[in-house]
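Undergrad: Chain residues, written in single-letter form:
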Amino acid sequence: MNMNRRQFFKVCSAGLSGSSIALMGFSPTAAQAEVRTFKLARATETRNICPYCSVSCGVLIYSTGDKSKNSQGEIIHIEGDPDNPVNRGTLCPKGAGLRDMIQSANRLKWPEVREAGASEWKRISWNEAFDRIAKHMKADRDANFVAQNADGLTVNRWPSTGFLVSSASQNEAGYLTVKALRALGITGLDTQARI
Amino acid sequence: MTNHWVDIKNADVVFVMGGNPAEAHPCGFKWAIEAKKNRKAKLVVVDPRFNRTASVADYYAPLRSGTDIAFLGGVINYLLSNDKIHHEYVKAYTNAPFLIDGGFGFEDGIFTGYNEEKRSYDKSTWKYQMGDDGFAKVDETLQDPRCAFQLMKAHYSRYTPEVVSQVCGTPKDAFLKVCEYIASTAAPDKTMTSLYALGWTEHSVGSQNIRCMAIIQQLLGNMGQAGGGIGALRGHANVQGITDMCAYAQNLPGYLKAPTDADKDRASYLAARTPKALRPNQMNFVQNFPKWFTSLCKAWWGDAATAENDFAFDYLPKLGGASDTLSIFNAMYEGKINGFFCQGFNPLASVPNKRKVGDGLAKLKYLVIIDPLATDTSEFWKPHGEFNDVDPAKIQTEVFRLPTSLFAETSGTFTNSGRVIQWRWKAAEAPGDSKDDTEIIANLFLRLKAMYAKDGGAFADPILKLTWAYNQPYKPSSEELLREINGKAIKDVLDPKDPTKVLVKAGEQLPSFGFLRDDGSTACGNWIYSGVWPQAGNLSARRDNSDPSGLGQTLNWGFAWPVNRRILYNRASADPSGKPWDAKRTVMKWTGAAWAGNDVPDMRPNAAPEEMVMPFIMNPEGVARLFARDMMAEGPFPEHYEPFESPLDNNPMHPKNPKAKSNPAARVYKGDMEAFGTAKDFPYVATTYRLTEHFHYWTKQSRINAIMQPEQFVEIGEELAKEKGIANGEKIKIRSNRGFIKAVAVVTKRIKALDVDGKKVHTVGIPIHFGFKGATKPGFLANTLTPFVGDANVQTPEFKAFLVNIEKA
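Note that the protein sequences, when read in sequence, are chains A and B.
Numbering of the first sequence is given in the working numbering, commencing with residue 1 and proceeding in unit increments.
Numbering of the second sequence is given in the working numbering, commencing with residue 1 and proceeding in unit increments.
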C-alpha cells in the first residue's frame, strides 16, 4: 500500500478503521520518495457547461483553493461531467481546450479606448468608460429619437444606435440586455442566431 | 430541436443533410452512433463534401451546394409517386385535406401575386377556402384538385430523379438509394430524425430548405415520436436561450411578435396576433397571446403599466422596417448609424463581405466592444498587414473595449439545442478588472437613467420606470433574473371556474404559464420559460439523470421549455384513437381518462380522442402545414432557386424565366447586386464550413486549439488541382468579386467534381476559423469573400454557396 505521510496521518486520524490498517502492518513509504499527489483530489470541483456548440456539454472545472474569501482560485483542469445525460463525460477537441481559452493570452483585463484617428489603445478606468459611453448614448438618443413616424403614429424608437447581443452569454444576461435595450427604444438589435 | 440530443438514439434512420455533426457537434453526434449500434439504425448523409459524418455513414450522396430544395423536392415527389407516406397521419394531422383559394397558382417558377419591382408577393390568395361556419373547408378524401395534398403533388411532380440529377449533380442511382432509406420510415412504427445546421440555413433559400424537411417528416408521420422530429443543431451553447430571450428586433422574449408601425394601439396589436381557430375544437394555444404579452409589460414596467395606459404599450419601440444584421450593417455603411455595440460578437469576421463591414464600422461615431477577448472587430481600425489593410488616421470612430467574464466565471443558465435549460456554477474570478455582462449593462443603464432623471431628454418614461428591484442594482444576480423570467403573481391568481379559490398567492412564483393573466395580475419576463423557477425553487439546477423510460427523457434533469416537455408535438406519437404508433417507444398515449406517458403531454390532458383535438396546438388549424399559407416570403411550397452566385446561366427548372433564377423575394441592397460575380470570371462554387478543432472565430484565441489547427487552408478536389497545376500544401489565392484571401491548398479526394446540367462543376471548401487576432497563424478572414445577401424570410447570409476563382499565390 503506497501512501505519503500526509495521507497516512489523515487515514490514521480518521479513527478505528485507519488505525487498524496501521496495526495490520502497513506503514507509509518514506516521505523523501514522495510522488506527486493527485492534484484534483484537493481541488474545488465546479459544475458548468462548455460554451462552444449547442450540445452544451456538462463540464467539471477544477480549481485551486476552496473559494474562501482570501483564496484566489486558479482553474487547473476541465473535463466532461459524467453525470450529464447528453455528453456523459465526453468532450470534443474544442471543449478539450477550454482551459486555454479561459487563460488565453488575449484576455482583456481592463477597459481601453482607441481615440478617433489614433493608432493605439489607451487604458482607462471603468468610471471613465461608463461615463463617456453613456454620454455618447444620451447625446445620440436625444438627437435621433423618433417619437412619431411620418403618419403621426407614436413609434418611440431610437434607430441610430445598434447592438449585437451575445449568444455566448447566459440567459439572464441576455434577458437583462434585451430589457434595457427595449426600454431605451433600440430596434437595431440582433444576435448570432441569424448568422 | 423538436426532440433532443439523447433522443437521436431512438431513430431508425438518421438523415444528415445541411450539417456535419461529427465535426461540429461531436458529443451530440455520439447518439447517432448509439442508434446505429443498438438499433441497427441507418445513417444517411447528403453533402457537397465527403465529410467526417459521411465517413461513418451507411450511405453518402453528393450534391452541388445550394441545390437542397431540388434534392428534397425530388424526395417529396418520390414519396408521393411511390405511395410511401403514412396515410392515417397525413390525413388526420396535416393540412393535406384543406382546400386552397381558387386564385392561388404557380407559373414558371413564380407564385401568384409577384411584384418584381418590390421583389415581394401579394399573398392574398395564399390561403384556405373558408366555409360559412367560419372554419376552413376540407376534403377528407384528398381527391379535390384544390386540396393542399393535390396541389403539392402537382407542384413536386416536376422534381423527377432525372431533374434532381441534372440540377444537383447527384448521380440518379445515389439519389434513389437515399429516397429508399427515407421512405422506409413511412411505416407507422419506424422513425427518421433529420439533423441539420447552417448547411441549410445559410442560403438565400434557407428557410425553405427546412420547410422541405418539415413536409417530408409530415408525409412520413415522423413528428412527435421518439427518434423522429427535426433537429436544428444550433451554434453557440446558449444560442437557443438567447433566441428564446429574443435578442433580435422582430420578437419580444418568448417569440412575441414585436409591435411595428402597423400597430396603432394595444387593442389592434393584440387582435392582429391573437388568432381564431380555423377548425372546430382545436386548442389554438396562441389565443393566450394577450396573457403572455401583458405579463411581459408588467415584468418590465410594474406599477407603471396599468389598464389606463394600455399597460405601457407605447413604452415599447415600434419596428419601422427591416432590422437584422445585414440591414443594420447596410444602414451603417450608408452612414445612418452613429453608435454600435458588439457584446461577445465579432462581426468583422462573421458577417459577409468584410470590406463593407469594415467601411461601415469606420463611419461610426462610437463603437463599444464588450468581450472577454481581443477580437478582430475591436481592431478593425488597426493595420494588420494585407489581412487588414487600413489607415487608422482616416478612421474617426471612437472605440471602447470593455473586458467581460467567460462562462467559467459566472453562474446562470444555458439552454441547449434540445431546449433543456441547465444551471451553471461560477468556478473562478475573471482576470484583471473584468466585469460580468449583467454588471456592464446595469452600469450603463443606471448611468443613463440618472442622466435622464437629472437633465430630462427624449421620452424618458420607459427608462425611468423600468423595473429594477435587484438587491444590488449595479449587479443583478442570475437568481433574481431567472425568477423574473419565470414570473410571479402580483395579485392573487384566482381559479376562473371558482373565483373563491386562490391558485397562486400574491408575491409567489408562478408554477407555469398556465397561470398567466391579461389583467395585470401576473408578471412574467418570458412566458415559455415559466415553470423553470416555481415556488419550489430553481428547477434548472436539477441533476437527477435517472431515465425510467429508457428513452433518454431524463425528466428530472434541468428543465426543458415549455413546461419540461422533452418532445414537442408528442400527441402525434399516438394514432387518432390515442394508441402509440410504436408501443415499444411510447411517448404519449390516451389512458381512457387522460394523456400520459414518458413525457409532459403536448395536449390538453383531458382531451379525449373523440374530441379530435389535433396535435399541432400552436397552429389555429390544429394540424401541421404542408401548404404554408402566407407564412413564407417566397411561396407556400418550397421551389428550387439558384444561389445568387450560381455556376449556371439560368435556373434549370425555369430556363426561360430570368425572374425565377434566384429567390425572387430575397432582399438585395444597391451595390450588393453589382458585387455579385459571374461564372465567367469566378467559375468555382465555394462553400464555407467549420472544423472539429475550432469554434467560429473564438478558439483561435486558445493555444491548444491553435496548435491542433494552426493555419488557414482550403480544400480542392484532385481533378481541379491537376487542372490548375496546384500541388498539395502549396499556397493559393482565392478570389471572389469582393476580395481575396490566401491559404494553403489541401488537395483531397473528399470533394469531387459534379456533372450539373451538362457542365462540370468544381467545389472549393473554405474553413472559416482564422483571422488576424489570436493564437493561430495570422491570416485573412474567410468572409472577405462571401456575398451580402440573405434568406428572404430571416436574412441569414448566403455563406454556403458563392463563386470564386483560384490561382497559385
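Be careful, since some hints might not be right.
[To be verified] Each computed BS3-like pair below joins lysine-lysine, with the alpha-carbon atoms no more than 27 Å apart:
hint: 1; chain 1: A; residue 1: Lys135; chain 2: B; residue 2: Lys336
hint: 2; chain 1: A; residue 1: Lys135; chain 2: B; residue 2: Lys394
hint: 3; chain 1: B; residue 1: Lys137; chain 2: B; residue 2: Lys40
hint: 4; chain 1: A; residue 1: Lys135; chain 2: B; residue 2: Lys454
hint: 5; chain 1: B; residue 1: Lys760; chain 2: B; residue 2: Lys749
hint: 6; chain 1: B; residue 1: Lys475; chain 2: A; residue 2: Lys67
hint: 7; chain 1: B; residue 1: Lys137; chain 2: B; residue 2: Lys91
hint: 8; chain 1: B; residue 1: Lys465; chain 2: B; residue 2: Lys475
hint: 9; chain 1: B; residue 1: Lys454; chain 2: B; residue 2: Lys382
hint: 10; chain 1: B; residue 1: Lys382; chain 2: A; residue 2: Lys135
hint: 11; chain 1: B; residue 1: Lys659; chain 2: B; residue 2: Lys153
hint: 12; chain 1: B; residue 1: Lys435; chain 2: A; residue 2: Lys109
hint: 13; chain 1: B; residue 1: Lys475; chain 2: A; residue 2: Lys109
hint: 14; chain 1: A; residue 1: Lys138; chain 2: B; residue 2: Lys363
hint: 15; chain 1: A; residue 1: Lys122; chain 2: B; residue 2: Lys363
hint: 16; chain 1: B; residue 1: Lys336; chain 2: A; residue 2: Lys138
hint: 17; chain 1: A; residue 1: Lys109; chain 2: B; residue 2: Lys382
hint: 18; chain 1: B; residue 1: Lys426; chain 2: A; residue 2: Lys109
hint: 19; chain 1: B; residue 1: Lys749; chain 2: A; residue 2: Lys122
hint: 20; chain 1: B; residue 1: Lys435; chain 2: A; residue 2: Lys69
[Unchecked claim] Incomplete in silico selection of chain A near chain B, CB under 10 Å:
hint: 21; residue: Phe38
hint: 22; residue: Arg42
hint: 23; residue: Pro85
hint: 24; residue: Leu108
Hints listed in this document are in silico derivations from the structure and should not be mistaken for laboratory results.
A virtual CB, placed ideally from N, CA and C, is assigned to each residue, including glycine.
Undergrad: Now tell me, hint by hint, if it's right for this structure.
TA: Okay, the hints, checked on the actual structure:
1. Lys135(A) - Lys336(B): holds, 19 Å
2. Lys135(A) - Lys394(B): holds, 24 Å
3. Lys137(B) - Lys40(B): violated, 43 Å
4. Lys135(A) - Lys454(B): With a Cα-Cα distance of about 13 Å, the restraint between Lys135(A) and Lys454(B) holds, given a limit of 27 Å.
5. Lys760(B) - Lys749(B): Roughly 16 Å separates the two Cα atoms, so the pair holds.
6. Lys475(B) - Lys67(A): holds, 20 Å
7. Lys137(B) - Lys91(B): Judged against 27 Å, a Cα distance of about 14 Å means the pair holds.
8. Lys465(B) - Lys475(B): Cα-Cα ~18 Å, so holds.
9. Lys454(B) - Lys382(B): violated, 38 Å
10. Lys382(B) - Lys135(A): With a Cα-Cα distance of about 25 Å, the restraint between Lys382(B) and Lys135(A) holds, given a limit of 27 Å.
11. Lys659(B) - Lys153(B): holds, 24 Å
12. Lys435(B) - Lys109(A): holds, 9 Å
13. Lys475(B) - Lys109(A): holds, 19 Å
14. Lys138(A) - Lys363(B): holds, 19 Å
15. Lys122(A) - Lys363(B): Within the cut-off at roughly 21 Å; holds.
16. Lys336(B) - Lys138(A): Given pair Lys336(B), Lys138(A) holds - Cα atoms ~17 Å apart, limit 27 Å.
17. Lys109(A) - Lys382(B): Holds, at about 20 Å.
18. Lys426(B) - Lys109(A): holds, 18 Å
19. Lys749(B) - Lys122(A): Not OK: Lys749(B) and Lys122(A) at ~50 Å, beyond 27 Å, violated.
20. Lys435(B) - Lys69(A): holds, 18 Å
21. Phe38: violated, 19 Å
22. Arg42: violated, 15 Å
23. Pro85: holds, 5 Å
24. Leu108: holds, 3 Å
The earlier numbered hints that this structure contradicts are 3, 9, 19, 21, 22.
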